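Enquirer: Put chain X on the given structure of chain U with help from the hints.
2 protein chains.
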Amino acid sequence: MRASQLYAPTLRETPAEAEVISHQLMLRAGFIRKAAGGIYNYLPLAWRVLKKIEKIVREEMDAKGGQELLMPIVLPAEMWQETGRWDVYGDEMFRLKDRHGRDFCLGPTHEEMVTTLIRDEVRSYRQLPLMLYQIQNKFRDEIRPRFGLMRGREFIMKDLYSFDRDEAGLDESYNKMYDAYSRVFTRCGLTFRPVEADPGAIGGKGSHEFMVIADSGEAAIVYCGGCDYAANVEKAELHPLEAPAEAPAELVLKDTPGTKTIAAVAEFLGLPAAKTVKTLAYLTDKGLVFALVRGDHDVNEIKVQNAVGAIFLQMADEASLAAAGTSPGFMGPIGVKDVIVVADATVMKMYNTVVGANEPDRHYVNVNPGRDFKPAVVADIRLIREGDPCPRCGEPVKTARGIEVGQVFKLYTKYSKALNATYLDENGQEQTIVMGTYGIGVTRTMAAAIEQNNDANGIIWPAAIAPFHAAVIPVNNADQGQRELAEKLYAELAAAGVEVVLDDRDERAGVKFKDADLIGYPLKVTIGAKAVSENKVEVKTRRGGEVHFFPAEEAVEGIKALLAKL
Amino acid sequence: MRASQLYAPTLRETPAEAEVISHQLMLRAGFIRKAAGGIYNYLPLAWRVLKKIEKIVREEMDAKGGQELLMPIVLPAEMWQETGRWDVYGDEMFRLKDRHGRDFCLGPTHEEMVTTLIRDEVRSYRQLPLMLYQIQNKFRDEIRPRFGLMRGREFIMKDLYSFDRDEAGLDESYNKMYDAYSRVFTRCGLTFRPVEADPGAIGGKGSHEFMVIADSGEAAIVYCGGCDYAANVEKAELHPLEAPAEAPAELVLKDTPGTKTIAAVAEFLGLPAAKTVKTLAYLTDKGLVFALVRGDHDVNEIKVQNAVGAIFLQMADEASLAAAGTSPGFMGPIGVKDVIVVADATVMKMYNTVVGANEPDRHYVNVNPGRDFKPAVVADIRLIREGDPCPRCGEPVKTARGIEVGQVFKLYTKYSKALNATYLDENGQEQTIVMGTYGIGVTRTMAAAIEQNNDANGIIWPAAIAPFHAAVIPVNNADQGQRELAEKLYAELAAAGVEVVLDDRDERAGVKFKDADLIGYPLKVTIGAKAVSENKVEVKTRRGGEVHFFPAEEAVEGIKALLAKL
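Protein sequence lines correspond, in order, to chains U and X. Numbering (the working numbering) for the first sequence: 1098 to 1663. Numbering (the working numbering) for the second sequence: 1098 to 1663.
Bound-form chain U, shown alone:
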């Protein structure tokens, strides 16, 4: 490809709208252009990257026995009503009516469609296991689409669905996909980590997220240096911490003026925060919930929600707290009515602690959980943090930030039951099909690759997913010797299967070098005066900036060898 013909409009300035680096660089380097909030055009450079990611995904899905098909984008409402998700999805689902007034949505995911598709035609155990997948535009009407391709409203996803006879079969399909996903992200040249995840709204009982590690990642993860444990912080299990035994002292109601925070009450009482108990109040569909954790700990809201079996959960407002007879900043579990008290298991191990007295400027001290209050639920509801003991091996965990690019879920029979997808087993007995669902965000993987691989000058593509492998840049277009050598090398590289751009534009060398760095070609091949006079072609790696010189007649082999190592 000649740069003079390539449609890659670069920008000199960073667009103000772009908050994250991948968004900035994809706009500046001419990879994407916005059509509407969260909806983008993928220009030729981006499309080349996306096709490479898709090809890797396709090969790995096929290698595990996945069969590719294509389901529709416009999906009829009925199947979503059968599973109840027509209501559950709320405003996040794009909905429309056809000319006859029938309800449809734009598929945010395809469990309903694929289950409906196979339920009438998979009848026998001999047709299982089955894995079907597609690579397709998906649609979610995010409240605040942002971060470019990281959270868009129209995006490309690979979604695979597995159908098995039983849980043992599901485990096998799940492991195949876990392996395939590891291979996909490895082949894409990304540093990633599979972590245990909360299955969330999609349902089911087992799930891993595949996280590309990047400081700009939205998700917090913990991992253990001592063993291979890794989890989304939302999911990370914690064992209760023991406190040194003390003799329980007598409960005392104490004035603690102006101590609305844990820090304030701890200081006022001359105690460490770890000797106090923090109470947070949530409104849920089950009623008002008080969540109790040790004063220096944080609440994991997802765990609270799971602990009480709530469908929704949000911070309680002051009016609800007043109606419940308590006071913000002084909440506690003692004497409250019509409140579901959920205590972290660590709280139950504490002695002579401190809780709010549900009236302004007062706390109870010498509180002994179990003696002075009895929670409705005791559970692990704490948010893990750096240094907490690993739930597997006890070593201190580390934290990192990641970008979720893939997720594998065990659905079990959630959708097959709702949609009545059954088969006849060897004994002629009707059984419910056991399902799994496995997604890879293709556009998100491209954005995550950039978040992980960039510097002040632009993108640093892993060679496997770079839009082109190399740029050949004649320093001075007006110099016939340079121009001819550049053309020759360009033709030879293309013939040797190297994906190469010849920067034949009438631009200053500085502009061409800057654009090459911005776009992020793995190799920059410079044809300057020395290349001609001394037969030394300079090849510079984008990552690391290593410089190599080759005689022109050895340049193609040299470049191929460098690429093979990238």
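Simulated from the structure, these hints should not be mistaken for lab results. Just so you know, not all the hints are guaranteed correct.
No copy labels: a pair is met if it fits in one copy or bridges any two.
Here are the simulated BS3-like pairs of lysine-lysine, each with C-alpha atoms no more than 30 Å apart in a straight line [unchecked claim]:
| # | residue 1 | residue 2 |
| --- | --- | --- |
| 1 | LYS1657 | LYS1152 |
| 2 | LYS1131 | LYS1148 |
| 3 | LYS1446 | LYS1611 |
| 4 | LYS1633 | LYS1149 |
| 5 | LYS1511 | LYS1131 |
| 6 | LYS1471 | LYS1372 |
| 7 | LYS1131 | LYS1194 |
| 8 | LYS1514 | LYS1471 |
Bear in mind the structure is a predicted one, so any value in this text is a computation, not a measurement.
Expert: Chain X in isolation, oriented as in the chain U frame:
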């Protein structure tokens, strides 16, 4: 691929809903399943065919300098309002609102998006010409989606847009695409014909349709045996026919009881139909139109619409005719008021003809056009028919039926003007970009291939787009020799790059043969008793049913040689 694992649920019965052969066969052979009216799931076999067509399209677009990108499916209303098509498209456009109440549509085509995309970044003549394309799901809410993939509501299209400096540049881009399209359909193995077409609602001034020839085609085309003229009947030009000269006789108003049709009045008057004039009435946005053609000719409504410059045109109802003071069956151009009379040029050459008198049971005879009535418009408004003289060379034309699988359009500046897409020429003058638009229906091409290539047993795929090249069928699975030979040949063929299915299912040989014919593999490789005992592997071509025998050790080469000829 092993047939036991391939997800291709075949049906023994032809589904009642399927009216055309491609729809019937794709349902029966397990290629597609309906999700909603005009919306289909493409199962693995269909998806393999579609990917092959896409690959051919992509290679030919790239060869002409096309650059692939991907634009969104969900498009904001504003750009469609700028060109006026937000209203013009009417109910055929799927519309939706996002959670903030903003208007969007599902792209039925992308002239607005692509022009908006490039208008801010193509600034200089040096950036032109430019050709951008995508392969993508498109959406049109057809009133009556039917014929399976022939007229769907969600379908796959390749759409390319060309941007040029001037009309000479557009001509060049148009010719490149015309050539690319010819190559695409040739490579797909289809019999097709490019025909001159009416540009229709999309606008512009020059257009060809690429028609796959099939008796079941929706479109009627004419072509000349004497020269290379070919056109959609809607578009086919006609020169006026001369009638033998006669002396004009005196106009007479005559009773012609009960003669509501041309046949009746001609018989009543003892004249050939070619001596009468037929009048048809249409309601248009310009008013009531009378269209006049020779009694034995038919009206081409598109030509009438173009002749009066109407945006819509439909048959007039009885109430409108009554209000205009005429009578159905007895309409004519003499004495009518507030009616736009449009006469076919051939009518103006007639002598002493017959027209309705606008009152029941009466006609005028000895009518001489020009003397007895003066049409508002004289134009070519006749529908061409078999045997009419070719407008180029005068030889009689032939007719055929075709399926439109591609169309190329010269748009000129219709969209670039509306959306203000300009560039600066060599002299620094602002000029409007000149555009073309070029579509291929990918899913429609698959359906058309089946309409053209089938027999009573099923599909006969052209090898280039067949889902697999060959099926290896052991006649008796229980026979170890047959099973082993089949497995060996299957492995060897796959290793040699032949796309092969091994029918390892526990089915009777008859079922396997029937399924292979139905699915339409170009080659059927039968491993029966003879194959083992006499070392004779039978290979049968789906098309033509030729039978070849190869020793097992030569079968791979023999099969490859056969495939190369298909």
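Enquirer: Hints first: check each against the structure and report whether it holds.
Expert: Going through the hints against the structure:
Taking identical chains as interchangeable, the C-alpha atoms of LYS1657 and LYS1152 lie at most 30 Å apart whether they share a chain (21 Å) or sit on different chains (27 Å). For the homomeric pair LYS1131 and LYS1148, the shortest alpha-carbon distances inside one copy (20 Å) and between copies (28 Å) are both at most 30 Å. In this assembly of identical chains, the alpha carbons of LYS1446 and LYS1611 never lie at most 30 Å apart, being 61 Å within a copy and 72 Å across copies at closest. In this assembly of identical chains, LYS1633 and LYS1149 lie within 30 Å of each other by CA distance neither inside one copy nor across copies; the values are 32 Å within and 44 Å between.
Taking the shortest alpha-carbon separations for LYS1511 and LYS1131, only the inter-copy value of 24 Å comes in at or below 30 Å, while the best intra-copy value is 37 Å. In this homomeric assembly, LYS1471 and LYS1372 come within 30 Å of each other (Cα to Cα) only inside a single copy, at 19 Å, whereas the closest approach across copies is 105 Å. Taking the shortest Cα distances, LYS1131 and LYS1194 sit within 30 Å of each other both inside one copy (26 Å) and across copies (18 Å). With identical chains, the CA atoms of LYS1514 and LYS1471 are never at most 30 Å apart, being 38 Å at best within one copy and 75 Å at best between copies.
When held up to the earlier numbered hints, the structure conflicts with 3, 4, 8 and fits the remainder.
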